[in-house]
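*Asks:* Start from the sequences and build out the full structure, keeping to the hints where you can.
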Amino acid sequence: MKRWLITAALTLLLVSAAGCGGGDDSDAADGGTLTVYSGREEEIVKPLFEQFEKAIGTKLEVRYGDSAELAATLAEEGDNSPADVFFAQDAGALGAVAAEGRLAELPDDVLDRVDQRYRDSEGRWVGTSGRARVVAYNTESLTEDELPDTIAGFTDSRWKGKIGLPPTNASFQAFVTALRLSEGEDAARTWLEDIKENGPKFYEKNSQVVEAVAAGEIEVGFVNHYYLGLLKEEQPDAPAANHFLRAGDPGALVNVAGVGIVEGTDDEDAAREFVDFLLSDEGQRFYPEEAEEAEYPLIDGISGPEGLPALNELHGPDIALGKLGPELERTLELLNELGYTS
Amino acid sequence: MRRPPPFLTAAAVLTVALVLLPLAYLVVRAGTGGADAWEILTRRGTLELILRTGVLVAAVVATAIGLGVPLAWLVVRTDLPGRRIWAAAAALPLVIPSYVAALALLGAFGPRGLLQRMLEAPFGVERLPEIYGFPGAFLALTLSTYPYVFLLTAAALRALDPALEEAARGLGRGPLAVFREVTLPALRPAIGAGGLLVALYSLADFGAVSLMQYRALTHAIYLQYRSLFDRTPAAVLALVLVVLTAAVLAMEGRTRKRARYHRTTPGVVRQARRVALGRWRWPALAFCGAVVGLFLAVPLAVLIYWSARAVELGRGTEIPWQAALNSLLASGLAAIVAVLAALPVAYLAERYRSPWTRLLERAAYSANALPGIVIALSLVFFAARYGGPLYQTLALLVFAYVVRFLPQALAGTSSALRTVDPHLEEAARGLGRSPLEVVARVTAPLAAPGILAGGALVFLSAMKELPATLLLRPIGFDTLATEIWRHTSLGAYSRAAPAALLLILVSAPLLLLLGARRESEVGSPG
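If you read the protein sequences in the order shown, they are chains A and B.
Final position of the first sequence in this note's numbering is 695; the numbers increase by one with none missing.
Final position of the second sequence in this note's numbering is 1887; the numbers increase by one with none missing.
Incorrect hints may have been included.
As the list claims (entries may be wrong) - Not the full set, but computed from the structure, chain B residues with beta-carbon under 7 Å of chain A:
| hint | residue |
| --- | --- |
| 1 | Ala1371 |
| 2 | Gly1406 |
| 3 | Arg1587 |
| 4 | Leu1738 |
| 5 | Phe1742 |
| 6 | Ile1836 |
| 7 | Leu1851 |
Just so you know, these hints were derived from the structure itself, not from any lab.
Yeah, the Cβ is synthetic: ideal placement off N, Cα and C, and Gly gets one too.
*Replies:* Below you can see the structure in the form of C-alpha cells.
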C-alpha cells in the first residue's frame, strides 16, 4: 500500500515537473513566446494581450498577480527571473522593481510617446494608461455642487462619519505620497489628522468603498475613477457618481499603470515589440473602447473615455510619479503613526 | 533508549529541514535589510498588533472548541435525529476559504447586506450591529476553523473504546462524571490537536482579517510587503509570528503531557451505547441548526444569490471545469506527499520519544503560522536561485502546499500513531519483520483512519490556498482559488460565486467520504 503510494506520487511528480518545466527556458530564446508578469487583472487586459498575439504573432505567457507581490517576486528572483516584461497596476510597483535594478532602460522613441509626467525620469518604465483620483459620491444624498473642489474641503465637520477610504490600498497610499510631496510633510500630517477627526470608515479595497457609497453607508469615498464603471456592471442603477477635484489639487492625482522590460531578458526584441504595441494607436485605443474600466490612454491623438473630463484638463500635483515608489515607506510610517493602518 | 533506524532519522530530518526553509529566509531578510530590526520590534504599534492577534486567536480557538466538541459528541454519541446529515453539514464549512467566508458574511450581515435589506422594509431596521473589525474577523475565522476541532474530536470519539466508559459507569459514576473523568481526558489530545490547527490557521490567515479590516499581524506583514523597498520589517514581524506559534505549540504540548491512550484494534469493536437525548433533543437540534445555519447555510445562500444575479445580469457564468481539475490534481498530490513526509516525523516523535525527536516534530509546526505570502516569497527566493528547472512548476507548487500544510498531516498521523499500541509493533519485530515491514503491515493499517484524515485536511487546505498558488503555479495553471481571486479583486462577486460554489462542491465529497468510511468501520473490525 505504502510502496504503491510512493511510486505513484513520485511518478506523478516527475511527470508533472517534466511536463511543466521542460519547455520554459527555451521558449523565449527562439522568439516564440514572451513571459509577462501582469499586476493588471486578467479580466481587463486579456483582450489586449490577445490583440497583441494576433498582430505580432508572438505568444504571451502571462503570470497574473498582485502588482506589489509580483514586484517582490521579481526582486526575490533576482537574475534568474523567467519574466521578460513587468506590466504593473501602478507606478509604485514599477519604481520598486526599477530601484532593485531589475528593469532595463527603454529606447527614447518609446518613452517620447508619453508625456514625461507619466514615465520614469530615468527611462526604466513608461505609463500605458492613466487613472484619476476622484471622490465617488452617493447621488441620493448629495448633488455635485455640494461637494468641495479640494481635498481640504473634506476636513469640514459636515463630513463627519460620511467619508470612506481604503488606507491599505496602493492607490490611496500613492495619493498620500503625492500629498506629502506637493504640500509638504506638515500639511499632509494635518490633513490626515483632520480627516481622522471626521471618523472615516476604512475598507480594504477601492471596490468596497464604491459599493459602500452606492449603498449609502457613506456619502463620499476617495478612490480611482474607474471603479464606478465596474460597480455599474454589477449594479446598473447604483446611485453613485464620480466627482473630479480642481486641477493641481493632490486629490486630482493621475497615476498610471505602466510597463517595463526586465533586466537580463533573453528576448529583448520581443519585449520591446510588446511595449511598443502597448503604446501604439491600437494598443492605446483599447482603453476607452474595450476595457471595462475606461482608463485614459496616454499617447497623443487618442481621445479619452466618453463622459469623462479630458486627460489634459485633469491636473494632479506637480510631482514625479517615479518618486511614489521610493517614498512609499515614509507614507506607510505616517499612516501607521496616525492610526490609519494600525 | 533504542536508537531509531538511520533511514527514519534521515527522512524526518530532511522533511523538517525543507519545511523550515521559510524560516531561514526570514532570518536572512531580517538580518540584511536597511531598517533596524530592534527598532521595528519595539515600535509602539508592534505590541498592540501582537495583543490584537492574541485576542483574536484566543477567542477563535475557545469558540471553535466550544462549538466543535459538543457537536462531535452529539453526532457520535447521541440519538440526535439526522445525525449523519448534521455530521456532514457541520464539517462542510471547512471547505469554504476564509476570504470567501468573509465576503459571504459581509454580503449577508454587512451594512448593505442581504439581511439589512430584508429587515429594512418591513421593520425599519436602519443599521445592523457593526460587522467590520473584530466581530467579522472572529466570525469568518470561526466559520473556517471550528470543523478542525469537530472532525478530530468526532474521530477520537468514534475510536474511543467504550469499555473504559462502561467500566467507569460500572464503578458507580454518573454520566457527567464519566464524561469529565474518562471521556474528556481521552479526547484531550484530539481537542488539543484541533485547537492547535485552529490557532495556526488564525495566526496565518490574511483573507478574513483584511476584508474585515481587523489589524492583525498578518495584515501588517502584507502591508509591509507592499512597501517593497525594504523587506526587513515584514520579516521581523513574521518572526514575531513564529514566536507566537512557538508559544501556542508549548501550550498545546502541555495538554497532552503524559497522556497515553492505546487500543489494540483498528476500528471500535463495539459501538458505544448512544445516549438518549429525550426532551434535550430540541435544544440539541437548535444548537446544531444555529451553527450549521450561520456557518454553512448563510454563506451558501449568499453565493447562490450572487450566482443568480450573474445570470440575471447576463454576465459570463462559464463553469471553470479546467480550474477544478487543476485544483484537484495539485491538492491531491499535496495530500499524498504531505502524508508520506509526515509519517517519518510523526513515527520518530511517537516511537522514539526523546527531547530531540520531540523538538523535530514541533519544529515542523513552527513555520505553519506564517502567512502564505511569506512562504511563497521564500520559496521564490530559494527556487529561483537554486531550484533550476523546478521553479514555477507543479512540483514546486505541490512542495509549497506541503510546506504550508504539513502540520495538518502531522496532527492526523501523530494522534493516530498514539492510539496504536507499540507492543504490537514490538511483537511483529520479535517475529522477525523488518522495521519497514512493521510500519507497512502493522502500524499503517491500524493508524490508517487518522493518516487519511490528515491527508484529507491537507487536501482541503490546498484546495483553498491562494497566495502561494498565485506566485508559484506554472503559468496558465488556473485553480479554483485563483479563479475566485481573479473576479473578487475587481469586486465582481457575481462572477466569483460560481467558482466558489464549485470549490465547495468538489471538496465536499471527500469530507463525506471520510465520514462514511468511519461509520462503516464501526462494527466491522478490520
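*Asks:* Does each hint fit the structure? Answer for all of them.
*Replies:* Verification of the supplied hints:
{"no.": "1", "hint": "Ala1371", "result": "violated, 15 Å"}
{"no.": "2", "hint": "Gly1406", "result": "holds, 4 Å"}
{"no.": "3", "hint": "Arg1587", "result": "holds, 4 Å"}
{"no.": "4", "hint": "Leu1738", "result": "holds, 5 Å"}
{"no.": "5", "hint": "Phe1742", "result": "holds, 4 Å"}
{"no.": "6", "hint": "Ile1836", "result": "holds, 5 Å"}
{"no.": "7", "hint": "Leu1851", "result": "holds, 6 Å"}
Checked against the numbered hints given earlier, the structure breaks only hint 1 and satisfies all the rest.
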